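Chemist: Residue numbers (our numbering), protein chains in the order written: chain R, 1 to 354; chain F, 355 to 594; chain S, 595 to 910.
Simulated from the structure, these hints should not be mistaken for laboratory data. It should be emphasised that the depicted structure is a prediction, and the values quoted were computed from it without experimental measurement. Some clues are possibly wrong.
Distance windows between CB atoms, simulated [to be verified]:
1. F:GLY379 - R:ASN209: 49 to 59 Å
2. R:GLU192 - S:TYR606: 55 to 65 Å
3. F:SER401 - R:HIS253: 53 to 63 Å
4. R:LYS218 - S:ARG835: 35 to 45 Å
In silico DSBU-like links for lysine-lysine, alpha-carbon gap of 35 Å or less [stated by the list, open to error]:
5. R:LYS259 - S:LYS885
6. F:LYS470 - S:LYS775
7. R:LYS341 - S:LYS691
8. S:LYS691 - R:LYS259
9. S:LYS691 - F:LYS512
10. S:LYS658 - F:LYS487
The beta-carbon is built from N, C-alpha and C at its ideal position, and this holds for glycine as well.
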Amino acid sequence: MDALIGYFLYFLSLLSVGGIYALLALGLNVNWGFAGLFNAGIAGFAAVGAYTFSLLTTAESTFHYGGLGLPVVIGEIAAFLIAGIIAAVIGIICIRLRADYLAIATIGIAEIIKLIFKNEVELTNGPRGISKIPRTWEHFSEARYFSSQPLSWFGDSQSWQAFFDSLVNWWWQPLFAMTILFFVFVVYIMLEKARLSPWGRMMTAIRENEVAARAAGKNVTKRRVEAFIIGTMIMGLAGALLAQHLRFIEPTHTFDPSKMTFLVWVMLIAGGSGNNRGAIFGAFLIWFVWSASELFLNGFIDIIGNIFNGMDISMLKNRSGYLRMLLIGLVLQFVLQKYPKGILPERRPAASGE
Amino acid sequence: MTSQSEIMSVSNLFAGYGETEILHGINLNVNDGEIVCVIGPNGAGKSTVLKAILGQINIRDGSINLADQDIVNTPTTEIIKKGISYVPQTNNVFVSLTVEENLEMGAWVNPEYTQKKLREMYELFPDLSEKRKQPAGSLSGGQRQMVAMAKALMVNAKILLLDEPTAGLSPKYRSEIFSTIKTINNNGVPILMVEQNAKQALGVSDRGYILVDGANRHTGSGIDLINDKEVARMFLGSRE
Amino acid sequence: MWDSFGFEFVNYYFVPGLVLGCIYALGAIGITLTFGILRFANFAHGEIMMTGAFLTWTFLELSKLIFGFYFHPLIACIPSIFIAIAIALSVDRFFYKPFRDSPTIMIVMASFGMMLIIRSLVQVIWGPNQITFVKGIAKPNGILRDLSGSFDMMLLVPSKHVFIILGTVIIMLAFNYMLTKTRIGKAMRAVSDSPDLAKVTGIDVEQVIRATWYVGGFCAVMAGVFMAMDTQFIMSTMGFRMLLPMFAAAILGGIGRPFGAVLGGLVIGFAEELSAYPWFGNGPLLSPGYKSGVAFSILVVMLIFRPSGILKGRVF
Chain R
1 MDALIGYFLY
11 FLSLLSVGGI
21 YALLALGLNV
31 NWGFAGLFNA
41 GIAGFAAVGA
51 YTFSLLTTAE
61 STFHYGGLGL
71 PVVIGEIAAF
81 LIAGIIAAVI
91 GIICIRLRAD
101 YLAIATIGIA
111 EIIKLIFKNE
121 VELTNGPRGI
131 SKIPRTWEHF
141 SEARYFSSQP
151 LSWFGDSQSW
161 QAFFDSLVNW
171 WWQPLFAMTI
181 LFFVFVVYIM
191 LEKARLSPWG
201 RMMTAIRENE
211 VAARAAGKNV
221 TKRRVEAFII
231 GTMIMGLAGA
241 LLAQHLRFIE
251 PTHTFDPSKM
261 TFLVWVMLIA
271 GGSGNNRGAI
281 FGAFLIWFVW
291 SASELFLNGF
301 IDIIGNIFNG
311 MDISMLKNRS
321 GYLRMLLIGL
331 VLQFVLQKYP
341 KGILPERRPA
351 ASGE
Chain F
355 MTSQSEIMSV
365 SNLFAGYGET
375 EILHGINLNV
385 NDGEIVCVIG
395 PNGAGKSTVL
405 KAILGQINIR
415 DGSINLADQD
425 IVNTPTTEII
435 KKGISYVPQT
445 NNVFVSLTVE
455 ENLEMGAWVN
465 PEYTQKKLRE
475 MYELFPDLSE
485 KRKQPAGSLS
495 GGQRQMVAMA
505 KALMVNAKIL
515 LLDEPTAGLS
525 PKYRSEIFST
535 IKTINNNGVP
545 ILMVEQNAKQ
555 ALGVSDRGYI
565 LVDGANRHTG
575 SGIDLINDKE
585 VARMFLGSRE
Chain S
595 MWDSFGFEFV
605 NYYFVPGLVL
615 GCIYALGAIG
625 ITLTFGILRF
635 ANFAHGEIMM
645 TGAFLTWTFL
655 ELSKLIFGFY
665 FHPLIACIPS
675 IFIAIAIALS
685 VDRFFYKPFR
695 DSPTIMIVMA
705 SFGMMLIIRS
715 LVQVIWGPNQ
725 ITFVKGIAKP
735 NGILRDLSGS
745 FDMMLLVPSK
755 HVFIILGTVI
765 IMLAFNYMLT
775 KTRIGKAMRA
785 VSDSPDLAKV
795 TGIDVEQVIR
805 ATWYVGGFCA
815 VMAGVFMAMD
825 TQFIMSTMGF
835 RMLLPMFAAA
845 ILGGIGRPFG
855 AVLGGLVIGF
865 AEELSAYPWF
875 GNGPLLSPGY
885 KSGVAFSILV
895 VMLIFRPSGI
905 LKGRVF
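Hey, can you work out the whole structure from these sequences and the hints?
Modeler: Right, here's the structure in full:
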C-alpha cells in the first residue's frame, strides 16, 4: 500500500512538473509557433515570474526584499504581468531582429536577468536564493494563512490546526497537480481561441509571407511584439508555479538554460510547433521520457554496481544526468531530421484574409 | 539545316521550381560559332531555360545535350567543367573580391589554365587589366558586366550562357556589351543569350527563339525575326 | 604619470583586456565564418572551444604520465586541434548537411541541439566539475619586466599572456595570408559574398564548407586553450559563457568580416576589463559581478543602432 501511494505521489509530481513544462511550451508556441520568434531566453522569463511570485508571497524575511506575504493568487497575477512588462520593453527593442539574432539577444537577456538576481543581494538574497515559498493548497496549513482572512472566517487557529493535522500529509498534492493542470487547460482554451481568431490568422499570414502581410497594411511589428509579450507572460506564470513546486529558488541551478530553455524547445519541436495540443503533448511526453530515463539509468547503474562488486558507482550516478541530456539532444536531432513538423503537425485555421 | 555541327541542344524540356512547372516542352539548339538569342515577354521562362541547363532546377522530362552527351541530372560544378559557362543577370560578380580574384574564381574548375586565361582576358578586356587590383564592387555597372563575362570565359567554354547581359545599363554601355559579345563569338565561343532588348539582341544574333508561357512560339534567323510583322508588334514595337 | 596611473592601468586593466580580446577574437572568427559561408549562427561553436581545452588538458596529463613532465599547452593542443576539427566535420556531415537547402532556422536549431550534445558528452567523460589546467602562480615575464623597467615603464606581464598575444598575432597573420593569397581562402570570401554565384561559377561549395570547419575548428581550439592558459582552469560551461561575447564580437565587427570579428573581439575584451576600472571616484565603474553583462549590452546597442557592425558587414 505504501509503495502504491509512493507511485501515486510520484505520478502526481510528474503531472505537476509536466504541467509546468506544458505552460512553458505553450508560451513558446505563441512566440515561435504563432509568430516565428526564436525566443531562447525562456529560463530568464520563467525566473522573472518565479522571483516576482516569491518576493510577493513569502513571509517577511531579513534575507531579501519583503516578502510581502501577499495571497498566492496575487503573486501569480503579478508574475504574469511583470513578465509581460519586461517582455514589452525587450520586445520593442529586439523584435525586428532576424531569427538567429533574436535567439542570441534573448539568450543574453536571460543571462542578464539571472545576473541581476544573483548580484542584487539586497533584493533577492543573491546565490543563496529564496526559500519557504508558499505552495498553493499546502500553504493553507501554514499558521500565517489559516490565522488570517479568508480562512479565519471559517474557524479559529486551533480548529484549523487540528483539521490539517487530521489529514494525510500529502493531502495537498493531488489538489496542486489539479491546479496546475487547470492552468494548462485555461491557457490552452484561450490560445485556441486566439489562434482561430482574426488575430491568430493574421499571425499565420505574417509568418507565411511577411512582405505580403506588410503590403496588405498589417502592422507586422506590433503583432509580433504582442505575440512576444503573450508568450512570455505564460512563461512568467509557469515560473510562478515552478517556484511553488520547488519551494526554493536560486538564480543559477534552478534556471539552468539546458533544463529550462533547451528542454522546452525539444518539447515544442517534438510535439509540433504551431499546434497548442502538440506543445502540451510534447511537454508531457518529453518530461515522462526524461523522468523515466532517470529511473532506468539509475536502475541500470545499480545493476552494474551489483555485478562488479565493490565498484564505485557514485561517479556514474553523478554523471547519468548528463547522459540523459545527451540523449534528449539526440532525440531533438532525430525529430528535426525525420519529423520536422513534430508528432502533431500544425493544422492551419481556414485561410481567410481578415 | 546547316552543315555546322551542333554544340548544344535542348529537346522537349519540362522543368520548374518545386511543384510549379514553368517550362512546358522547350526545344532549342545552338550550333558551332553561333549567337542564339531567346526573347519573350516577362515570365515566359527565358531565364529558367538557362537555369535548367545549369542543373539549378528540377527537370521533369526532356533532354539537354552538350556535344552529344546528356547532361540532365549532372551537378552544376560538373556541367561547368564540361564547358558550359554562365553569367547571371544580377549579382554576377563577387563584390568584395578584386577583379583578378574574380577571374581566378572563374577558373576554379580548371586552375591549371589560370595564368594563360588571365592573359587572354586582359587582352580581350584591356579596361579590366588596369583595374585588376580593385574590388569588383567598386566598378560601374558596365564594367561589372565585363568582369562577369571575363570570369565566365576563364573556363574552357564550349558555350557561353548570358542572362540579360544589358539589363539596367545605359544605351552607351548596351552597345559596348553587344559588340563585346560579338568579339567573344568571333574568337570561337558560341553564345546563348536571353535578352529584353529584343531588337538589338536579334541584330547581333544569328538565330533567335521566341518563348511565350514556357513554350516555343517562333524561331528564325535574327534578321527574319526583326522583320516579322507579328514579332514586331508583340515585342519590338512596344519597346521603341 | 606612469607611477600614479599608467602602471596600474596598463598592467591590471589594459593587458588583461588585450588578452581577453585576443581570445574572443579567435573565437569570433569561427562564428563569423560560419555566419558568412553557411549563413547561420552556430551555437555549438563555444562547445568546440571547450572540448579543445579539455582534450588539451588530457594530453597534458598523458604527457606527464608517459614522459614524466608536462608539455607546454601549445604543444599538447596539436592533437586536440585534429580531433576538434574531426568533430566539427562530422557534426557538419551528420547534423548540419541534411539542412543545407532547408530554411535557416532548421540548421540553427540543429546547432542549438549540438551545443547541448557536445557539452553533455564532455560532462559525461570528464565530469561537470572545474579542473585545474595549469598549476602554480603565473610570474611576470622577466625579460619583458627588465626591458620595460629600463624605460621606467615596467610591464608585469606573465609569460602565458605573452604567448597568448603573440600566438593570436601569428594566427591572424596566417589567416590573413590564407584569405588573400590562397585559392581556398579566396573561395571562402567568394562563397561568403554570394553562395549562389559561387555555385554557378563552378566553385566546389562543399569543399569550401569543409575548409571553413578546418579554420573555425582550429581557431576555436586555440581560443579555448588560450582561455584555459589564462584562467588556469577548465570547466564544461566555459564554452557557453564565451558564446555571447563571441557573438557580440562577430556582430560588432560586421557579420562575415573576419577582421571585423578580430576588432570586435578586442573591443569586447577591453570593454569587459575596463568596465571594472575606477573611471569616476574610487569604486569600479561597474560591479565585477556584472562584467559578463557588458558584452551583451554592447550587442544590444549595436543591433539597434548599427546592425551592420563597425566594418559594414552583412545584415541578414
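Chemist: Decide, hint by hint, whether the structure agrees.
Modeler: Hint check results:
no.	hint	verdict
1	F:GLY379 - R:ASN209: 49 to 59 Å	31 Å, violated
2	R:GLU192 - S:TYR606: 55 to 65 Å	59 Å, holds
3	F:SER401 - R:HIS253: 53 to 63 Å	58 Å, holds
4	R:LYS218 - S:ARG835: 35 to 45 Å	40 Å, holds
5	R:LYS259 - S:LYS885	25 Å, holds
6	F:LYS470 - S:LYS775	19 Å, holds
7	R:LYS341 - S:LYS691	18 Å, holds
8	S:LYS691 - R:LYS259	27 Å, holds
9	S:LYS691 - F:LYS512	33 Å, holds
10	S:LYS658 - F:LYS487	52 Å, violated
Violation of the numbered hints given earlier is confined to hints 1, 10; the remaining hints are satisfied by the structure.
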